[in-house]
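Protein chains: 2
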Amino acid sequence: MKSGGTKKLIYLFKQGKADGNAKMLNTLGGKGAHLAEMGRMGIPVPAGFTISTDMCAYYYANKRQMPKTFKNDVRKALTHIEKAMKATFGDPENPLLVSVRSGARKSMPGMMETVLNVGLNNTTRDALIRKTNNPRFVYDTQRRLIQMYADVVMEKAQGIEPEEGKGIRVQLEHILADVKKRRGAHSDTDLTADDLKNIVELYKNKVQEVLGKPFPEDPEEQLMGAIGAVFAAWNGKRAVSYRRIEGIPDEWGTAVNVQAMVYGNKGDTSATGVAFTRNPATGEKIFYGEWLSNAQGEDVVSGSRTPNPINVSGKNEHSHHLKSLEEAMPPVYKQLDAIRTKLEKHYRDMLDIEFTIEDGKLWMLQCRVGKRNGVAAVKIALEMLKEKLITKHEAIMRVTPDQIDELLHPIIDPNEEIKAKPFAKGLPAGPGAASGMVVFNAQDAVNWVKQGKKVILVREETNPEDVEGMRAAEAILTARGGMTSHAALVARGWGKCCVVGASSLEIDYHSRSFHSNGTAVKEGDWLTLNGSKGYVYEGQLPMMRSTKENADFNAFMKLCDDVRRLKIRTNADTPEDAGRAMDFGAEGIGLFRTEHMFYGKNSETPLFILRKMIVSKTQTERQAAVNELFPYVKNDMKQTLAAMKGYPVTIRTLDPPLHEFIPNRPEERQRLAESLGISAEQLNSRADDLHENNPMMGHRGVRLGITYPEITEMQIRAIFEATAELLQEGKKAFPEIMIPVVTVDTELAHQKTIIGRVYHETLKKFGLKKIPHLVGTMIEVPRAAVTADKIAAEAEFFSFGTNDLTQLGFGFSRDDIGTFVPHYVDHKILPVDPFQVLDREGIGWLMQVAILKGRKARPDLKIGICGEHGGEPHSVEFCHQLGLNYVSCSPFRIPIAKLSAAQAVVKEKK
Amino acid sequence: MKSGGTKKLIYLFKQGKADGNAKMLNTLGGKGAHLAEMGRMGIPVPAGFTISTDMCAYYYANKRQMPKTFKNDVRKALTHIEKAMKATFGDPENPLLVSVRSGARKSMPGMMETVLNVGLNNTTRDALIRKTNNPRFVYDTQRRLIQMYADVVMEKAQGIEPEEGKGIRVQLEHILADVKKRRGAHSDTDLTADDLKNIVELYKNKVQEVLGKPFPEDPEEQLMGAIGAVFAAWNGKRAVSYRRIEGIPDEWGTAVNVQAMVYGNKGDTSATGVAFTRNPATGEKIFYGEWLSNAQGEDVVSGSRTPNPINVSGKNEHSHHLKSLEEAMPPVYKQLDAIRTKLEKHYRDMLDIEFTIEDGKLWMLQCRVGKRNGVAAVKIALEMLKEKLITKHEAIMRVTPDQIDELLHPIIDPNEEIKAKPFAKGLPAGPGAASGMVVFNAQDAVNWVKQGKKVILVREETNPEDVEGMRAAEAILTARGGMTSHAALVARGWGKCCVVGASSLEIDYHSRSFHSNGTAVKEGDWLTLNGSKGYVYEGQLPMMRSTKENADFNAFMKLCDDVRRLKIRTNADTPEDAGRAMDFGAEGIGLFRTEHMFYGKNSETPLFILRKMIVSKTQTERQAAVNELFPYVKNDMKQTLAAMKGYPVTIRTLDPPLHEFIPNRPEERQRLAESLGISAEQLNSRADDLHENNPMMGHRGVRLGITYPEITEMQIRAIFEATAELLQEGKKAFPEIMIPVVTVDTELAHQKTIIGRVYHETLKKFGLKKIPHLVGTMIEVPRAAVTADKIAAEAEFFSFGTNDLTQLGFGFSRDDIGTFVPHYVDHKILPVDPFQVLDREGIGWLMQVAILKGRKARPDLKIGICGEHGGEPHSVEFCHQLGLNYVSCSPFRIPIAKLSAAQAVVKEKK
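So the protein lines, in turn, are chains A and B.
For the first sequence, position 564 matches number 563 in numbering that gives the first Met the number 0, and the numbering has no gaps at all.
For the second sequence, position 779 matches number 778 in numbering that gives the first Met the number 0, and the numbering has no gaps at all.
Rather than coming from a laboratory, the hints here were simulated on the basis of the structure.
Hints are not guaranteed to be accurate.
The list treats identical chains as one, so a pair stands whether inside a single copy or across any two.
What the hints assert, rightly or not - The list that follows gives simulated cross-link-like pairs (lysine-lysine, BS3-like), each with its CA atoms no further than 25 Å apart:
(1) 789 / 852
(2) 370 / 341
(3) 344 / 105
(4) 764 / 908
(5) 205 / 6
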């Protein structure tokens, strides 16, 4: 590839004109595409150009070298900026300075590199001093350039990995701190122009000393170095690990934006800020943002200064004393608000914007679709739909399944919270509530969580090095930073509970403790955070869920219900579960596991009888246990069927992992032995007989029902009698009898003989003509999937058991994959754990075969899925594409499944 | 269905003419079809007719009733016999008697029922006495009719199941014995006509008394009863259990043959006999048979009298004093020998014939393709090919895989046998040799074998009730009966070692012991039988195999090699195995399991190092063990490759069941711990870590190679260096590197990176340009089968691991199926254990998909199978049909696989 070749590699933009546009995300990255779009819209953006992501690909394909023609092309593009900004790069009289920023297709906050003030050397510095008459500002700017450039370009981009605390950046910071100390300066602003001039020289010496080469004075060398460093940063450690977490492909690469510098730190008529066109935490249609006077952008984002609200309406109890931009610079605020409106109308979405005011002139530096939490996503989607900015289908696509998940996060039980008193308050940066034990660094967070603990990560402020620990923690609490600080951005992206800027916290990392308003907290103490209010409580407060009363949530679910075709059922094992599932809008039970209904009962009796049945050796013993168990089973089935009010209830016949049902405690065993009239030794020997080498592939499911037909018969009788009784009571009930672990059609035929016989016996007993029901099977064994035509001849419905189908299809024992599947995912042998996300290529193919063959043999075959994939968005989408009739998932995943099913319809339309 | 309807239900036959022919097996059963064929050929058969198997189907479909028109049709058919035989059924002057015999599509010796002498009542009896002037013979005949009829028609066919020893047959036998005692008669022949007349009356009274109804005097009623009884016998207990063992479908049904009676027991010019057109034990082209003068057919078959050889050449050390038919009745023998030649030419196969001589006239009663043992089958096929009676393809179809298996049975090491002295001698009725512990009844045989013992069943003579025990036993030894006795027939059918008619045996069932020539043997004592010579030895003699020197065997294998297209490889785990496989004609090794080569070594060192490798916790520990192991692995691979002389050797990389490699003995563990420098507790904890819930689906195969790439690397280096050294020594070597348990294409790609690197390192080290080899994978995981296109992009060959593919495809853990698969097979849920015979419908379908997808992605993909199905005839045939390149099986199965592969070609041609 040549830079002057067929592919355009450099795209110009300025206010009123641009080569690119917002759709060119893949080529220009997010920042570049939106700068171009804003330019086209006539919005004031500093002129600049974007180097395409294709150049990044070239760079990595060619041993990190640019093409030879590249330097010339950049020089040519610079003249465009020079013309627009009326200054010349490297000019000894009227020099132009530029920023060099990354811009990937998807935002990777804090993960990539930026170099500002490129083009400054002693000559241009002096010219600028003459021009601005502000030597202090210019020396400070030069100091910043050296510090940033040495770190990003001369150290990191070269792959130098200094020891902790020995990096050039830290060493330069030490110089700054030394000078401040010597000069008795409290903050940077106390330093004079001469101090800063002195620091510049000290910096240059230190760079030469530490890195073994001089800081480059040639502006062009600076620029080319900075561009290369941005490309290099794409494969930096942090960026790579972030991409892994976020699932961003390595091959996307980054674009580089070279843009005229504008300064928010030139004095009181300069400022910088970050804003959202609507409130990203609540979704309210209120302009929401933060700003700092006489500051550069990084000051807002880094959290090193707590910023002011952008407008009066944004003030709260923490910020009511701070001056808003609306008050400080009314005309500029008005201009900004107009741009906000223009942008929202144009983009038809809530946006996140960055701006700088230089000497009273407003410049827009960035705009992009704004991250929002679940609550806000739902409200924004609904309101924009009401405003007719977007369509119903678009509204559905505006909320991600993760955001719905977030809404389902627990909150503190309001009745309890009202009695509790927060000992610290901060900004409500991440939704929901969480409890955990305090840790003070990211590594501890990771380690503690590995040990099975729940933690809350407490930091002064966070930075990208903390990401892993933040991920592991239940919640994050920081003492500094605003709603756009690193911690807030990251937590919001994940929908994780987070409180930032809780300034009363006095953290002592050394003693691993903090104080706040007289309360002392040390490592390991429990805290509870309310991330929606910003409150911090001692101890563990009780949690609850609260989507039921949320009108927006319900309205949004209604939208999904209108659009989706896939039915959503739930997996429920008790009448109580069934009731809960109805509250969540379940359209039936897709999996009722008989063997689970015995757990968590007040009475131990049914579980005890079940155990007796399992350790029975003779048919007589077993039949006795079966008879004893019958009334319990029938009662539970009746209650469950009643709770579902005529919605289908798929009852899976017994599929117990035999050995798990043997009690371990000697007294329990003794009791069991006594009730069977055998010795403890005999019982132990029977328990040993039940041991299997690979129980997953052992004597289970229908295999039990065939070898012990009396067990099947009891369950079938319970189902039919329960239904018959409900019908006689004038109630509705619709059982679907599901036979598990079927491998061969003859297994199902065998069980159907029993079902048919018991059905007719029940009809006779109750004097009924008909008991509505279906008989079907799970498809969870590969052989069943590939012989689905034969099986469909016996089955009225299929339900994919994708957990087992994945186990057998992959040959992965779910209990044992810990030794290799995480390694596989880390090393990209697998894109993702197939038990989390349904594997379309292999397991999906088997499902397709089963559907095709099954529907060929029985065109009206009802097909669903009851594996855990039924509540996972990608898998739900795939189920829709496969033409399934329903998915079944755990009650709390129902809203997510509904959204995913609706989105699948929208995507299909595209 | 009406018997006079569209389907012909009754087929007539007589000498010179017949409705049916030999091809109508399905309709007429074996006996009926061949009687018709012989009739057509002009061979003297008593006239008769066959009632089609369709009538049997009708009978069972209509509550065991015949159609109304049936009686008339039978009456009409009888006139055909009457005309031919010049006698009339039920006629008071010149009565015709008939036999009523079953005749299924496939012979079920002794399992079905026969009623002889039908048509005899007091009136016809008296007429016959007048006609024959032989009252003693006629009364005896009547006595036999009553005894047989009461048993078969009046008791068994009615479903009456009397207690042991209370059946009508036994009760009538008691009467006979009583009379003999009273009359001082030693044998039946000592009884006078009056005695027998008296017995007839006593019989009739007993029948009335026991069965509650009179013996029917009406000939027609007798006939219809007998026909119905034969149909009823099809579903008798014994017949059903025999069909299950032999795999005969229930729906085939039986035909019924009604045929004029001829008598071999009319005096010294009458006789009966059974013969084979060639020797069924050796295959020699010598007329071979046995006969008894003045006897009925059942006397020969039942073994109640030891018969004479049919000709001089058939005499042996046991029978040299007995008169042959050739000597006793030269003209009849000559006629019989001519018929023998005619039949063999006509049928182009060795036949089993039955004949009766009545008053000097020869009648043929049956002919069918003769059962033969493996040795005979091979010789007959080869000789008939030489005689140009059959083609090469026919010759190949004349030997079953089971017969080849039989040839591979062990014999007694000749060097040892020469020193041993048999303490009993009998007839060599079943091939090969066997050792076992003596039991005296079938039930004990079954029970002892269940306890893991090897038994030899010793009986006076066997009967159909003994079949299960005969099946279970290693060998059968009887004191009575000839080469066509029940024991001999059954044992020959199964290729089981058997000695019959060892008349020196004095068996005492009561004390569970026997004596022979002064030697006392009691239950549980060990015997060794030479079934090819008829010798019985005390104790256990050492065994060996001896196909190598068998010229017929080798010639027959050559025939198979000429015809088959499928290559036959072997599974071998050591250089020694490899050598043995070459002797068997292996065309490569299809599976060399690295982890198996450490067993059975003189030195324990490699196994110990392997264990060390497995319990290693850190990469450093593991690498050290791997390095230590390398020379052993390389050495074994080199020897194996050398032994195979350039034939491909498929080396599977390590797939150890981890936990199995942990020693159990504390001192072994201690040693292991010491060599790793860890404590015994630490070692135990590591061993615990290796425990898996479902090890079959755990951390194994390629999963190990990916998480511990150093293990893969060591093996690959061993393979390449071993090959390189052989090449430098001027030898041939061709390794095929096979990666096991691949689920995803990326796994294979990962391992190929290692293989590629080590390959180039080895080329460099040895200064070679090329080391011939292939890299491929096992297809043993369902997901791999269905994504075979992707996997074929990485693999140069596939080898189906059908053991695991069956495990995962069925979800059947091979170690755990004992609890339900036998039940499944018994109850016809599965036709057969899928680990024995490849399941075509499910697993076969997955294989087809893999082949289709694999060859689409890589047209020259080499495909084989290395599961145990590779040596099972049905599965080999299926592999041929699928278009596989080769099957791989255990060395001793190679000849079977070769034959099956050749037969697959022949069947395909048809």
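### Message
One pair to classify: residue 344 and residue 105, alpha carbons no more than 25 Å apart. Within, between, both, or neither?
### Response
The answer is within: 22 Å in one copy meets 25 Å, while 87 Å across copies does not.
### Status of residue 908 relative to residue 764 across identical chains (alpha carbons, at most 25 Å)
Neither: 52 Å inside a copy, 60 Å across copies.
### Query
Within a copy, between copies, both or neither: where do residue 205 and residue 6 come within 25 Å Cα-Cα?
So residue 205 and residue 6 fail the 25 Å test inside a copy (42 Å) and across (110 Å) alike.
### Message
At most 25 Å between CA atoms: does that hold for residue 370 and residue 341 within a copy, between copies, both, or neither?
### Response
For residue 370 and residue 341, only the intra-copy Cα distance (19 Å) is at most 25 Å; the inter-copy one is 97 Å.
### Query
How would you label the pair residue 789, residue 852 (within, between, both, or neither) given a Cα cut-off of 25 Å?
both (8 Å within a copy, 23 Å between copies)
When held up to the earlier numbered hints, the structure conflicts with 4 and 5 and fits the remainder.
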